[in-house]
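Asks: Heads up: the sequence lines are chains Z and Y, in that order. Using the working numbering, the first residue of the first sequence is number 97, and each one after it goes up by one. Using the working numbering, the first residue of the second sequence is number 97, and each one after it goes up by one.
It should be emphasised that the hints constitute simulated quantities derived from the structure, not laboratory data. Possibly wrong hints are sitting among the right ones.
Same chains, same label: a pair holds when it works inside one copy or across any pair of copies.
[Unchecked claim] SDA-like, lysine to any residue: derived pairs with alpha carbons at most 20 Å apart:
#, residue 1, residue 2
1, LYS146, ALA375
2, LYS146, LEU377
3, LYS320, GLY209
4, LYS320, MET147
5, LYS179, LYS298
6, LYS320, TYR211
7, LYS136, LYS383
8, LYS308, GLY180
9, LYS284, ARG274
10, LYS353, GLU252
11, LYS308, ARG359
12, LYS284, ASP296
13, LYS284, ASN227
14, LYS179, ILE260
2 protein chains.
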Amino acid sequence: MRNIRIAGYGKYAPENTMEFHGECRYRANGSETQLDMAVKAARRALAIAKMQIEEIDCIVSASAVMMQPIPCNAALIHEQLAKGRNIPAMDINSTCTSFVTALDMMSYLIAAGRYRNVLIVSSDIASEGLNEAQQESYELFSDGAAAFVISRTENEKQGVMDSIIRTYSEGAHSTEIRGGGTLHSAMKYRTEDRADYCFDMKGKSILSLSAKKLPELFREFEEKSGISCSEVDIIVPHQASKALPFIMSRLGIPAEKYVDRVRQYGNMVSASIPYVLCALLEEGRIKEGDRVLLCGTAAGLTCNLLLLQL
Amino acid sequence: MRNIRIAGYGKYAPENTMEFHGECRYRANGSETQLDMAVKAARRALAIAKMQIEEIDCIVSASAVMMQPIPCNAALIHEQLAKGRNIPAMDINSTCTSFVTALDMMSYLIAAGRYRNVLIVSSDIASEGLNEAQQESYELFSDGAAAFVISRTENEKQGVMDSIIRTYSEGAHSTEIRGGGTLHSAMKYRTEDRADYCFDMKGKSILSLSAKKLPELFREFEEKSGISCSEVDIIVPHQASKALPFIMSRLGIPAEKYVDRVRQYGNMVSASIPYVLCALLEEGRIKEGDRVLLCGTAAGLTCNLLLLQL
């Protein structure tokens, strides 16, 4: 057990929404940036934690895409929230599961005494890279952000009970944005290659790989941790797609055991898991002592499981 | 002390070089990608470690810029080195000091028993983003990669003795590539805005901020760790620029105590520190028992210090 506690949480989604088949999707529509959303969610998390930025000793950005190629996202968030202070800022990235990976890693540093209060921020603005011609992804994604203040605790029952990360790179090109990095530079952009600079999701291929790998992963995690899914109070999965119930049924997880908010929120990329976790805390649906299993699939294909006792 | 050891190391720079004022700069010249260089350095590190990829249990990419916006660099490296295996892959980014930040973080996870052998790879291809019109940066940067296998050790004298990271975001825009992320999308690229998509360094401004902040940081580190710079065998600084001797003299560090290879290698961005560290190991200039202080400044402005006992 790595003893940490959630000291503050905040989420943010743009006011502007779109509707597809009766489902709500948040879209910034040019009025807000990925950075704006990150900062708003972070300020809410600080307010709930009743902390000033002076009490935070590390800022971690855990988003899928970058705001600028240089510097890292966390430095830009630092500039908005902590300019003039010298707390460290760095990015941790495993695409859609970046938040879970960051929480997983930082729990070691907090437990070891390196940091006392860490601000982890996930913010993604999918709408900047969606391709209208790819209906499945265009109608699925939302813009959003969520932030958490994670703190050291003396309560020995609180913290990360266990966690696991696996990357299956046979799925490395099933979810991607090919253009904009060094392999296909932004400066080589031509209108006719637009699709290469947009989000490209091979839905069926990821679904089939996830459906194959997740049951193995859950088994491995149950053996490793000695805790079965039935002993968990709630599962917060990445809101990957409408196929969530299919995947959960493949895992033998009953509907009352997991949270499906795809209709309400869509897939918010890296913000998806922390956004739902934040909503559950705001609604009082989860409380101290509960065992929450964060579970996600990400481009890579990377899968994360992290069991948190609140 | 977080007990880890260097089990393997490898570096790679493109064959093609350019010369400016008698100084050598490596430039891939379109024949190699950031990913190619990462993979070559990683294979060398595995060979020196006498390990197969099967013995590695985590791949961390610690580069400044991304190869593709999605997925993360580590997933693409995983695909080249570890396809069909399911070891985790994630990116850690603090721009030029990404390697030091990654080593710092992963030392906690290794010491805590999460991973036994971690492959950390830094690869950057500055030439993809340099602006010929900005002579100072154009003539300074090189392309290069370096990789390390970091392993758990039972030797209680080996490992990370102490480390510190500080971000001074008043320097957030002193070193940047503004375009290509979500704030200035690749899809909005116009030839007349090219400079916004290129590397932009305000050399004087960073130098003055570094010269002000680094002495404070060194003092803080000496107090925190209880180890003074005079007790360190060698300092491996980020090869930031020709001003390295100026900065070192400001810190009161004599020339024989630090490594300056700016003439030979240029500034290799995130690969800079691990490339020099690798060169020193290859040359037998550092050996088991030596105390090596890694020291870097990065866009952000982020400063890292990490004291390693080999």
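Asks: Indicate, hint by hint, whether the structure satisfies it.
Replies: Tested hints:
1. LYS146 x ALA375: within (18 Å within a copy, 49 Å between copies)
2. LYS146 x LEU377: within (16 Å within a copy, 49 Å between copies)
3. LYS320 x GLY209: This pair counts as between: shortest inter-copy Cα distance 13 Å, intra-copy 25 Å.
4. LYS320 x MET147: Answer is neither; intra-copy 36 Å and inter-copy 25 Å both fail.
5. LYS179 x LYS298: between (41 Å within a copy, 19 Å between copies)
6. LYS320 x TYR211: between (27 Å within a copy, 14 Å between copies)
7. LYS136 x LYS383: neither (24 Å within a copy, 49 Å between copies)
8. LYS308 x GLY180: between (49 Å within a copy, 13 Å between copies)
9. LYS284 x ARG274: Answer is both: 12 Å inside a copy and 16 Å across each meet the 20 Å cutoff.
10. LYS353 x GLU252: Answer is neither: 25 Å inside a copy and 45 Å across each miss the 20 Å cutoff.
11. LYS308 x ARG359: neither (25 Å within a copy, 52 Å between copies)
12. LYS284 x ASP296: Both: 19 Å inside a copy, 18 Å across copies.
13. LYS284 x ASN227: Both ways: LYS284 and ASN227 sit 19 Å apart in one copy and 14 Å across, limit 20 Å.
14. LYS179 x ILE260: Between. Shortest inter-copy distance 18 Å satisfies the 20 Å Cα cut-off; intra-copy 35 Å does not.
Checked against the numbered hints listed earlier, the structure breaks hints 4, 7, 10 and 11; every other hint is satisfied.
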